[in-house]
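J.: The opening position of the sequence shown corresponds to residue 2 in my numbering, with each subsequent residue numbered one higher.
Bear in mind the hints are in silico, worked out from the structure with no lab data behind them.
Some clues are possibly wrong.
Claimed, not checked - Okay, derived cross-link-like pairs now, DSBU-like style, lysine-lysine, Cα gap no bigger than 35 Å in a straight line:
id, residue 1, residue 2
1, Lys301, Lys329
2, Lys78, Lys3
3, Lys149, Lys224
4, Lys343, Lys267
5, Lys319, Lys301
6, Lys329, Lys213
7, Lys78, Lys213
8, Lys329, Lys224
9, Lys312, Lys301
10, Lys343, Lys149
11, Lys252, Lys267
12, Lys252, Lys319
13, Lys73, Lys3
14, Lys224, Lys252
15, Lys78, Lys149
16, Lys343, Lys329
17, Lys343, Lys312
18, Lys63, Lys78
19, Lys105, Lys149
20, Lys224, Lys312
21, Lys3, Lys63
22, Lys343, Lys319
23, Lys329, Lys252
24, Lys301, Lys224
25, Lys329, Lys312
26, Lys224, Lys343
27, Lys3, Lys224
28, Lys252, Lys343
Stated by the list, open to error - The calculated label-pair distances, taken between Cβ atoms and stated as ranges, are:
id, residue 1, residue 2, range
29, Gln69, Gly117, 30 to 40 Å
30, Gln69, Asp245, 52 to 62 Å
31, Phe110, Ser74, 31 to 41 Å
32, Lys267, Leu202, 13 to 23 Å
33, Glu331, Leu177, 24 to 34 Å
34, Pro345, Pro77, 23 to 33 Å
35, Lys78, Lys3, 20 to 30 Å
36, Val29, Trp112, 26 to 36 Å
37, Val29, Gln69, 38 to 48 Å
38, Ser71, Pro33, 34 to 44 Å
39, Asn235, Leu202, 35 to 45 Å
40, Phe174, Ser71, 48 to 58 Å
Just so it is clear, CB atoms sit at the ideal spot from N, CA and C, and this is done for glycine as well.
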Amino acid sequence: MKQSTLYWLCQIFGWGIYTLFSIGMIYVFAGPQNISPNILLLQLIIGVCLFVFSHLFRWFIKRNDWTQLSIKSLLPKLILGAIVISTLSQSFIHLIIYFVLPLKGIMPFSWTNFVGFIGSVSIVMASWSTLYFAYHVIQRNRRSEIEKLELTSALQEAELAILKNQINPHFLFNALNNIRSLILSDPEQARSMVTHISELLRYSIQFNAAEKVTLSQEIAIVKDYLQLESIQFNDRLTYAFEIDDTSLDIKIPPMAIQLLVENAIKHGVSQMTAGGNILIRSVLENDHLRIEVCNDGQLKAKSKREGIGLKNLIERLKILFGHFAELKVENSSENTVTASLKIPLS
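Build out the structure end to end from the sequences listed, making use of the hints.
T.: Structure below.
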C-alpha cells in the first residue's frame, strides 16, 4: 500500500473515531436527551475541521523537514506547533458555529471555554503528532536497516568476486608448472595435459560469475583435474569416487572440491615417495551435505594447511552460508588425512 493511501485512510479512520468518541462521551455524561441534530452537526464540524487542520499541520511539517530533526530539536517545535494549530482550528470552528452557521442549543461563546478547548485540542494534536512521527521514525529505522543490509550484501558480493577472481591465477600457475615439467620429457603427455587444462579453464570461466554450481558439475571438473595430476605423478597417484547419486544436484561453491583435492595432493601425496591414494565422497546427512576428501599421509602438528586456496574457500563459505557451513582438515586415522566440507541444504 502506498504511503499516501495509508495516510488518508488513517486520517479518515482516526478523526472518524474521534468524532464518534466525542458523541459517545456526550451520551454517557450528558444523557441521550442532549444528542440533538445540532449537537451531531457540531461534532461533525469539529471532526472535519480537525481533519483539515491536522493535514495542514502535516504539510507544514513536511515543508520544514521536521521528520529529519532530532528529538531534542523537535520536541519544542512540536509543542508550539500543536498549540498554534489548535488555536487556529478552534478559531475557525468558533467562527463557523457562532457567526457563519449559528447553531441553536449550544452553549454561548466564552473566552474561558475557548481557551479550554484550545488546551484539550492541543493534547489531541500532540497525540496525533506523536503517532505521525512514531510512524516516520519506524519507517526511517526500517529504511536504515534495509540500506545496511543492502550495503552488507554489496560488500559481500564484491568480496566474493575478489575471492573468485583469485582462483584462476592461483590454479593456472600450478597447472602451467605441471605442463612445463613435462613439455620436454614427454610431449605427448604434455598435449594430453593441455586438453585437460583447457576443460578446467573453460569451467572456471563459465562459472566464474556463479556463486554456486551443482555437485555433478564440480565432480566432472575434479576428474579432469585428477587426470591432469595423475599424468605428472604416473603411478604414484590413484583416486576413487564415492558419490551419493541423490546429492548430485545440490549446489556448492565452484572449485571447492578441486581446492581440497589440490591441497591433498600438494601436502599429502606429493610428500610421499611411494605416492598415495585420494578418495572423494559425498554423503547426505539430515539438513546438510558432507563432502570428504581423504588422502594418505599425516597432518603434522606444526603444519598449517591454510594457503591461498583454503583461506579463499573458508571466506567464500562464510559469505555464502554464514556459520552453517564448515570446513575441517584433520588426521582421521594413523595413515589418513580428511578434509571435511559441510554444506547446508537450505
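J.: Work down the list of hints and note, for each, if the structure agrees.
T.: Now for the hints, and whether the structure bears them out:
1. Between the alpha carbons of Lys301 and Lys329 the distance comes to roughly 15 Å, so the proposed pair stays at or under 35 Å and holds.
2. A threshold of 35 Å between alpha carbons decides the hint, and for Lys78 with Lys3 the separation of about 28 Å falls inside it, so the pair holds.
3. For the hint linking Lys149 to Lys224, the alpha-carbon distance of about 42 Å lies beyond 35 Å, and the restraint is violated.
4. Among the hinted pairs, Lys343 with Lys267 is consistent with the structure: their alpha-carbon atoms are about 22 Å apart, no more than 35 Å.
5. For the hint pairing Lys319 with Lys301, the CA-to-CA distance comes to about 26 Å; that is within 35 Å, so the pair holds.
6. Of the pairs offered as hints, the one joining Lys329 and Lys213 holds, with about 20 Å between alpha carbons and a cut-off of 35 Å not exceeded.
7. For the hint pairing Lys78 with Lys213, the CA-to-CA distance comes to about 54 Å; that exceeds 35 Å, so the pair is violated.
8. In summary, the hint linking Lys329 to Lys224 is supported, as the alpha carbons are separated by about 22 Å, within the 35 Å threshold.
9. At most 35 Å may separate the alpha-carbon atoms for a hinted pair to count; Lys312 and Lys301 meet this at roughly 19 Å.
10. The straight-line distance between the Cα atoms of Lys343 and Lys149 is roughly 29 Å, inside the 35 Å bound, and the hint therefore holds.
11. At roughly 26 Å between alpha-carbon atoms, Lys252 and Lys267 fall within 35 Å of each other, so this suggested pair holds.
12. As the CA atoms of Lys252 and Lys319 are separated by approximately 15 Å, the hinted pair is consistent with the 35 Å bound.
13. Taken as a hint, the Lys73 and Lys3 pair is honoured in the structure, with Cα atoms around 30 Å apart against an allowance of 35 Å.
14. Using a Cα cut-off of 35 Å, the hinted pair Lys224 and Lys252 holds, with the two alpha carbons roughly 18 Å apart.
15. For the proposed pair Lys78 and Lys149, the alpha carbon gap of about 31 Å is at most 35 Å, so the pair holds.
16. In summary, the hint linking Lys343 to Lys329 is supported, as the alpha carbons are separated by about 9 Å, within the 35 Å threshold.
17. Taking the CA atoms of Lys343 and Lys312, the gap is about 16 Å. The hint holds against a cut of 35 Å.
18. Between Lys63 and Lys78, the direct Cα distance comes to roughly 13 Å. Compliance with the 35 Å bound is thereby established for this hinted pair.
19. Under the criterion of a C-alpha separation no larger than 35 Å, the hint pairing Lys105 with Lys149 is inconsistent with the structure, at around 60 Å.
20. Distance restraint check for Lys224 and Lys312: the Cα-Cα separation of roughly 23 Å lies within the 35 Å cut-off, and the hinted pair is therefore satisfied.
21. A distance of roughly 17 Å separates the Cα atoms of Lys3 and Lys63; the hinted pair therefore holds under the 35 Å criterion.
22. Distance hint between Lys343 and Lys319 is fulfilled; the C-alpha atoms sit about 12 Å from each other, no more than 35 Å.
23. Restraint check for Lys329 and Lys252: the C-alpha separation of about 19 Å stays at or below 35 Å, so the hint holds.
24. A threshold of 35 Å between alpha carbons decides the hint, and for Lys301 with Lys224 the separation of about 28 Å falls inside it, so the pair holds.
25. Distance restraint check for Lys329 and Lys312: the Cα-Cα separation of roughly 12 Å lies within the 35 Å cut-off, and the hinted pair is therefore satisfied.
26. Proposed proximity of Lys224 and Lys343 is supported: the alpha carbons are some 21 Å apart, at most 35 Å.
27. At roughly 55 Å between alpha-carbon atoms, Lys3 and Lys224 are farther apart than 35 Å, so this suggested pair is violated.
28. The hinted pair formed by Lys252 and Lys343 meets the criterion: a straight-line CA distance of about 12 Å does not exceed 35 Å.
29. For Gln69 and Gly117, the Cβ-Cβ distance of about 34 Å falls inside the hinted range of 30 to 40 Å, so the restraint holds.
30. Checked against the hint of 52 to 62 Å, the pair Gln69 and Asp245 passes, with Cβ atoms roughly 57 Å apart.
31. Roughly 38 Å separates the CB atoms of Phe110 and Ser74, a value that falls within the hinted 31 to 41 Å.
32. A hinted range of 13 to 23 Å for the beta carbons of Lys267 and Leu202 is consistent with their spacing of about 20 Å.
33. In this structure the supplied range 24 to 34 Å holds for Glu331 paired with Leu177, their Cβ-Cβ distance being about 31 Å.
34. In this structure the supplied range 23 to 33 Å is violated for Pro345 paired with Pro77, their Cβ-Cβ distance being about 53 Å.
35. Our hint of 20 to 30 Å for Lys78 and Lys3 holds, since their Cβ atoms are close to 27 Å apart.
36. At roughly 28 Å, the beta carbons of Val29 and Trp112 sit within the given window of 26 to 36 Å.
37. At roughly 42 Å, the beta-carbon separation of Val29 and Gln69 lies within the given 38 to 48 Å, and the hint holds.
38. Evaluation of the 34 to 44 Å hint for Ser71 and Pro33 yields a failure: the beta carbon distance comes to about 49 Å.
39. At about 24 Å, the beta-carbon gap between Asn235 and Leu202 misses the expected band of 35 to 45 Å.
40. For Phe174 and Ser71, the hinted distance range of 48 to 58 Å is satisfied, since their beta carbons lie about 56 Å from each other.
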